Amino acid sequence: MKHWSIFGGAMLSLVYLAGCGGGSGDGSGSEGSEEGGEGEADEVEVIGEDSEDATELTFWTFNEQHIGIYEDAVERWNEEYEDRPIKLQAEVYPIEQMNNNLLLSLQSGSGAPDMADIEISYFANFLEGDVQLESMNEHVEPVLDDMVEERFDIYSKDDNYYGMPYHVGATVMYYNTDIMEEAGVDIDEIVTWDDYVEAGEQVVENTDSMMTTVEVDEHFSFWPLISQRGSDYFNDEGDLTLADDTNVDTLQFLSDMVNEDEVAEVTPGGFHHSEEYYGYMNDGGAASLMMPTWYMGRFIDYMPDLEGKMEIRPLPVWEEGGNRTAGMGGTGTVVTNQTEEPELAKEFLAYAKLSEEGNIALWQELGFDPPMYTVWDDEAMDEPNPYYDYFDDDIFDTLLDLNGEIEALNITPDLPDVQSEIHTNVLNSAVRQQNQDPEEALKQAEEAVRSGQTEE
Amino acid sequence: MERSETMANKKTFSLKGILHFLNSRKVAPYVFVSPFIVSFLVLYLYPMIQAIVMSFQQVLPGQTTFIGTHNYQRILNPTFFQALGNTATYVFFTVIILVMIPIVLSVFLNSKSLYFKNFFRASLFIPALTSVIVAGIIFRMMFGESENSFVNELLGLVGMEPVQWRYGAGTGMFLMVLLASWRWIGVNILYFLAGLQNVSEELYEAADIDGASAWQKFLFVTMPALKPVIIFVATITIINGFRMFEESFVFWENSSPGNIGLTIVGYIYREGIQQNDMGFGAAIGVVLMLIIFVVSMLQLKFFGAFKKED
Numbered sequence: 001m002k003h004w005s006i007f008g009g010a011m012l013s014l015v016y017l018a019g020c021g022g023g024s025g026d027g028s029g030s031e032g033s034e035e036g037g038e039g040e041a042d043e044v045e046v047i048g049e050d051s052e053d054a055t056e057l058t059f060w061t062f063n064e065q066h067i068g069i070y071e072d073a074v075e076r077w078n079e080e081y082e083d084r085p086i087k088l089q090a091e092v093y094p095i096e097q098m099n100n101n102l103l104l105s106l107q108s109g110s111g112a113p114d115m116a117d118i119e120i121s122y123f124a125n126f127l128e129g130d131v132q133l134e135s136m137n138e139h140v141e142p143v144l145d146d147m148v149e150e151r152f153d154i155y156s157k158d159d160n161y162y163g164m165p166y167h168v169g170a171t172v173m174y175y176n177t178d179i180m181e182e183a184g185v186d187i188d189e190i191v192t193w194d195d196y197v198e199a200g201e202q203v204v205e206n207t208d209s210m211m212t213t214v215e216v217d218e219h220f221s222f223w224p225l226i227s228q229r230g231s232d233y234f235n236d237e238g239d240l241t242l243a244d245d246t247n248v249d250t251l252q253f254l255s256d257m258v259n260e261d262e263v264a265e266v267t268p269g270g271f272h273h274s275e276e277y278y279g280y281m282n283d284g285g286a287a288s289l290m291m292p293t294w295y296m297g298r299f300i301d302y303m304p305d306l307e308g309k310m311e312i313r314p315l316p317v318w319e320e321g322g323n324r325t326a327g328m329g330g331t332g333t334v335v336t337n338q339t340e341e342p343e344l345a346k347e348f349l350a351y352a353k354l355s356e357e358g359n360i361a362l363w364q365e366l367g368f369d370p371p372m373y374t375v376w377d378d379e380a381m382d383e384p385n386p387y388y389d390y391f392d393d394d395i396f397d398t399l400l401d402l403n404g405e406i407e408a409l410n411i412t413p414d415l416p417d418v419q420s421e422i423h424t425n426v427l428n429s430a431v432r433q434q435n436q437d438p439e440e441a442l443k444q445a446e447e448a449v450r451s452g453q454t455e456e
Numbered sequence: 001m002e003r004s005e006t007m008a009n010k011k012t013f014s015l016k017g018i019l020h021f022l023n024s025r026k027v028a029p030y031v032f033v034s035p036f037i038v039s040f041l042v043l044y045l046y047p048m049i050q051a052i053v054m055s056f057q058q059v060l061p062g063q064t065t066f067i068g069t070h071n072y073q074r075i076l077n078p079t080f081f082q083a084l085g086n087t088a089t090y091v092f093f094t095v096i097i098l099v100m101i102p103i104v105l106s107v108f109l110n111s112k113s114l115y116f117k118n119f120f121r122a123s124l125f126i127p128a129l130t131s132v133i134v135a136g137i138i139f140r141m142m143f144g145e146s147e148n149s150f151v152n153e154l155l156g157l158v159g160m161e162p163v164q165w166r167y168g169a170g171t172g173m174f175l176m177v178l179l180a181s182w183r184w185i186g187v188n189i190l191y192f193l194a195g196l197q198n199v200s201e202e203l204y205e206a207a208d209i210d211g212a213s214a215w216q217k218f219l220f221v222t223m224p225a226l227k228p229v230i231i232f233v234a235t236i237t238i239i240n241g242f243r244m245f246e247e248s249f250v251f252w253e254n255s256s257p258g259n260i261g262l263t264i265v266g267y268i269y270r271e272g273i274q275q276n277d278m279g280f281g282a283a284i285g286v287v288l289m290l291i292i293f294v295v296s297m298l299q300l301k302f303f304g305a306f307k308k309e310d
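In order, the protein sequences belong to chains A and B.
Here full-length UniProt numbering is used: position 220 in the first sequence is 220, and no number is missing along the way.
Here full-length UniProt numbering is used: position 208 in the second sequence is 208, and no number is missing along the way.
The shape of chain A in the complex, shown without the other chains (with noise of 0.2 Å):
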């Protein structure tokens, strides 16, 4: 059967590679698996190729819409330093693809572009070992004081900064504001948790939709949620505290929105980037939903009948003065140690994302909030884009506002085991199935990571 194939298949080309004989068949032919083997990338925009004796930089990125920041990057730099031009080709893959191209050619030592995207969840993978990725301190420790400096750290190790951050990732609540005025809730009266289940009943009583949506196969309802708490994953120390007293009770929570309160639902699809999520919430299935500001865009691209009727609030409170907001996700670009350049590389790396003039175009290409806080009141940001016409106007002075309010995460070697466990087994048991209750799972999972540890 499979192997069968596989098997004729090698036979067919050695048979045909001793037909040719020779070393220029068999070159052409090793050549091709490679490339067969690594796959094709889904799009490759080359930029800025009409400048001559430009030095080539290749990037790798996983998400499409990253690329718009560099365009805007490329061709002001081609502009200000004339006597040392860039030519940028960005390659586009598929997330898994990605990193396991960039795991395996930085392992191996050959193959790796100059620049690449690395997202959060992923990045631990490669701060193993001795990291195969250009230190940007000397670029990075200047700028630091204007930055959300957790941002940085979470790409760090050993007090080098390797990732440099696309957003903040301030995680907050967006409300529907239609289905809001219909169940007779003022969401500017929503304070704390408590209230905001309350006001998810009143939700439930008036409307056809639910409150809200839980993540199961993702981490975008739990994680955010710790964070807020101050808890995380791991101590500041490093050490696996998943099972701890705030993170069972948050897991709690979200059960008991689910199967007690009945103010919310499993996300339809099992998470918010589902297509059938982005449908149901287009039909207005939910009032509400907690996710990142860096999510404004699925509601552009994918939610279009929402559109003036959203507004973004920070979230509920646990208790009096604690967080309105948790830092979530987050993609680091870096150099590797693979490029030729590496000079150049950071230096661009640095003027793309360092920048005032960089972190502006976060806001304006991307609808990301910027990690360099200071331009977050700057003129140019109130010029009217996408996300203006969709959303609110007062989306920056939201954010201002929560500025100080987010916790670093910790990030060790364990992260995507833990991303892992918490993906397949504990939402789905405590929250899905209820076949365990949040300590259990919990218990379990941070078994399941210990057992796995490997040996430091």
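There could be a bad hint or two in this list.
Unchecked claim - For the chain A half of the interface with chain B, some residues (derived, Cβ under 8 Å), not all of them: (1) S105; (2) Q107; (3) S110; (4) E128; (5) V317; (6) E319; (7) S429; (8) R432.
Unchecked claim - Output of the computed footprint for chain B on chain A, the stretches with three or more beta carbons under 8 Å from beta carbons of chain B: (9) 129-140; (10) 409-423.
These are computed hints drawn from the structure, not numbers from a lab.
Being a predicted model, the structure only gives us computed values, none of them experimental.
Every residue gets a Cβ at the ideal spot worked out from N, C-alpha and C, and that includes glycine.
Since the structure of chain A is already known, use the hints to place chain B on it.
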């Protein structure tokens, strides 16, 4: 002129010599098998040895260290056993289904009284030509969780509640086995049909004279004659079952709720590639290899494949 002629002669002579050498009785067989030997050495033996070495290492960029049997000690964890359990269940069901059903179908397809024989043969074989991934995506849509998905709508017609196919352990296993069965039945029918061509007509004639019923003929003539094919099909189904990856991947990618779709190969992929723990992944791979070896041996012994033909 003369000189160049002798050179040309010399050249043809040496070319002849080489051809002669390659064609000689002693050398020719090796020449013909050499592609396979080389591919075996380069593509199978070398990676295998490398994997065994790696299973004793912690492999990190620039820091590869031997850590003894630590990787193997970590294997005996609940996730691994769950993967093993899932895989074993999958193997059990696929072997039963992919041996029994194709035998029955191939006997029907071989029967003289069946009309549209070629049409049925072709339509049963077509699934084998599709890719698991493509077929799997269609399966996933048909078995979607909403009540509007194809299968749930059928269930609704007979008054049953919609099922969340991809979220229960039982239904999840059902999906994987169903996909594999749908895809491979045609191929196995082909093997059995080929086997049936070798059953001697005289045996059936003799059975007729003895007054055997159709069922008795199937049981005592057809089945023994098909035994080598059954052994072959069962063996490759077992091996492929243990190596299964795609059937689970198309339904859940790499994280299924409660790991209901996690297979051993999926576990290797998750630990070795995604979590960058190649040493551990290699150790699981070595254990998987041993499991397949032992199970195949037991099965071959059980079927009596090692006994000499009488």
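For each hint, the structure was consulted:
1. S105: Violated, about 10 Å.
2. Q107: holds, 5 Å
3. S110: violated, 12 Å
4. E128: holds, 5 Å
5. V317: violated, 31 Å
6. E319: At 33 Å from the nearest chain B Cβ, E319(A) fails the 8 Å test, so the hint is violated.
7. S429: holds, 6 Å
8. R432: holds, 7 Å
9. 129-140: Our answer is that it holds, as 4 residues pass the Cβ test (under 8 Å) against chain B, meeting three.
10. 409-423: holds (count 4)
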